[in-house]
Amino acid sequence: MITTRVIAVRIVIPPTNRTNKVKSSITRRKLISLTGKALAGFVSLATARKAKGAVRKFMVKTPAPKGYDPTKHKWLMAFDIEQCIGCGMCVQACELENKVPPGPTYFRTWIERYVIKRRKPGSSRARGETQVDSPSGGINGFPPTSVPREEILKSFYVPKLCNLCVDSPCVQACPVGATFDAPDGVVLVDPNYCIGCGFCIQACPYGCRFMHPETGTAEKCTLCYHRITRSLLPACVEVCPTEARIFGDLKNPVDDDPLMQFIEKNKVQTLKPHLGTSPRVLYAGMDKEVR
Amino acid sequence: MMSAYEIPATDVLPQVEGYIYPNELNLLWGDLIVLYPYITGLVAGAFILASLVRVFKVKALEPTYRLALLTSLAFLLAAPLPLLFHLGHPERSLQVMITPHLSSPMAIFGFVYAWYLMAVLLLELWFDYRKDFVLWSRYTTGPKRWLYLIFTLGVTDISEESLKYDARLCNIVTIIGIPSAFLLHGYVGFIFGSVKANPWWGNVLMPIIFIFSAIVSGIALCLFLFMIISQARRLKMDMDCLDVTAKFLFYTLIIAAAIESLDWIHRLYEAEESIHIIKTLATGKLFVSIVVIQAFLGSAVPLVLLGLIQIFKKDIAARAREWIYFLSSVLILIGVLAMRWNVVIGGQLFSKSLRGFTTYKMELAMASHEGFTMSFALVLLILPFVILWVFLKLFMPVEEPGPKGEPLTRAETSA
Amino acid sequence: MARKNGIPPQLVRLVLVTLAIIALYFTARYFMTPETFGQFGFYRGASLNEHATRPLSFAGKESCRNCHEEALQLVSQFEHKTLSCETCHGPAMSHVIDPETPLVKIEDGSCLRCHRSDPSRPSWLAQISLDDHYESDSCTDCHTPHQPNE
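Residue numbers (this note's numbering), protein chains in the order written: chain A, 1 to 291; chain B, 1 to 415; chain C, 1 to 150.
The hints are simulated quantities; they were obtained by calculation from the structure and are not laboratory data.
It should be emphasised that the depicted structure is a prediction, and the values quoted were computed from it without experimental measurement.
Misleading hints may appear alongside valid ones.
Said to hold, decoys possible - Not everything, but these chain C residues come out facing chain B in the computed CB check (under 8 Å):
| id | residue |
| --- | --- |
| 1 | 8 |
| 2 | 32 |
| 3 | 37 |
| 4 | 39 |
| 5 | 42 |
| 6 | 76 |
To be verified - Cut-off 30 Å, straight-line C-alpha distance, at most; resulting in silico cross-link-like pairs (BS3-like, lysine-lysine):
| id | chain 1 | residue 1 | chain 2 | residue 2 |
| --- | --- | --- | --- | --- |
| 7 | C | 81 | A | 265 |
| 8 | A | 74 | C | 81 |
| 9 | B | 285 | A | 272 |
| 10 | A | 154 | C | 81 |
| 11 | B | 131 | B | 144 |
In this text, a Cβ means the ideal position worked out from N, Cα and C, and glycines have one as well.
Isolated chain A (complex conformation) (with noise of 0.2 Å):
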């Protein structure tokens, strides 16, 4: 390894022996070559190669994936707003596969209940005002809404995560490469590599980051990365009672797969289209106050 690196070096230096048209520029050269060649000898010192080792390894802490090829994959997830019954299995199941830090605030994924009232008396508008809430998420369920019974014309709960956009607006703000779109489809987070600046979670248009209390970097869903390339279903999917949310690979659908057919039999919409980040996460039976 050392002798390929002198080797490299060799051709950097230039050579000192050229001959020298203005006389006074001589010692600039000089200069410049003998700087060139204490930088070149730097490089090749075995202390410098440990220098170079070291850093890495402060930043690199498990090599390559094994066994598990991302670009031979393309997760996707949808939702059938008419299966969700609000019961927040799956905010407290992401919670504990993924340590999610506990409180008021800090989701990877979480539950809104819509409440669309009856409209007034008089009014020009087919409906009423909407209500939103989602207390902690969602994540013990929901208690009773506090609107009465009779003034409801319709409601709906309706789960959110990461949108998974194509255009993500997040990647696209992240000054250093550390949030991106793997190859799978996933957008994933290094936490080794992030600086904690918080501008992918301005730039996100759903409220889907956060920044970490304790690491201080930036976190969102992962799709459960560690399951899903383990051949099992993202957490959130696995306890969902009602298969409100639909899970899978768009490269390679299985016999009857749900979300072929989900993608077949649905109308579906996104959420903030018009902001062109065409997020790749589908909805089915979305009402228009949904944002």
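Following the hints, put chains B and C in place on chain A, whose structure we already have.
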């Protein structure tokens, strides 16, 4: 009996009105990020004032030239600190330059900063000061002498010919510097203006608003400092210089106020989806900081005061003009700080679901993390003034070492 | 000396300083760029594996089948067939590794979390109002969770 089963009642979070996404509860960017565009703006503004002298040859402003450049440098040195300390991992900050993700406006920070510091400010100062460094290093002793010697970078040639080069190169640097100053602050505006997720920020006018408010604040700061320093050094107030600086301040303030009004008119007229929440915010939680401080005290009052002086200059006594300039510059400085506050904090007070608000609490106590940053922000705001004080001691001494030289005037050599 | 060529000495000095800074930058870049950076895109490729190797809490339905085939068979014939074992029994990875580790205790609340009457829930879901539906002390006195229709 059924075992008691109750879902905990909805946590009514006192800091929330309406609905916000659960992850939006705590404000991510606090007062440190308010400070960052403020300080950077002062850098760019002070530099523009200096270039009025060098490129546009505004003779009356010459006494402010070196002060403006040194102010610019002092604030530039302090500018990255609030950014650095707000990071979750400050020790990883160099990655912004090692692996810059070029689609991110923030990744450009390292390069824009380095360019502005080394290719513009330090160069211009060096060319302007080279002769003085050489001379001062001859007439001083001890560590000061060594300092000046190091600053010469070993070039002691101060022949007429070589000083001519200095002047010419300095002019080139300044000409490059003007677009660089616009770039430096326009880019800060772009960091906010490019966030399409946030309707308060995501706005094509944002970089331009930032540039002009930066110029206004920088000129106001130099006016303020010039008066303070003249007073402190018991010099006769150079009224000609003050009048011209105030005139430029007035003109740039007109542009800044006009563009910002245009922004609001445009928002209100287009009345997009987000207008309701923005209106509620501006007339509610942000009323004091946006309407009272930023628009009225920070823009309208100085506009009227400075405008009146432009019309009735001859009728107003010098002493009164001095006070009006002083008051206006202070008001403008506070107004621009309020503007940064309204952008940074205001933009995070409402939910991206456009359905509710959260609250930002500043605490002076050291107990909480926020409290820590608040006290810290104060330190960081004072820091550039301390740096400037050191600079003034070193580079604008009351009595220049050596046989000749007048305090607070440019060295003739660089003219 | 330099002036003869028309290059002022201060410019020469600045060019040298600039070159030194640029050299410093590229040296730093060489040493500090992580090894797998750029393997798949503009990020550390090793990060994928770091995410993939995190520990599990939920074992998945198939892990349960190894020992509890009968129970799974039974559930699959009734309304609760869409449920995962771990929906009610909680994360089971520690139980898979060591069967002695108990699973979470199931209470009536577990049933009500899904089946309490709620206007926001879809009408196809079986829901009860506690006031009307109060025949016994516990849900399981009348209902068997694995065969809810019975």
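Which numbered hints fail:
4 and 6
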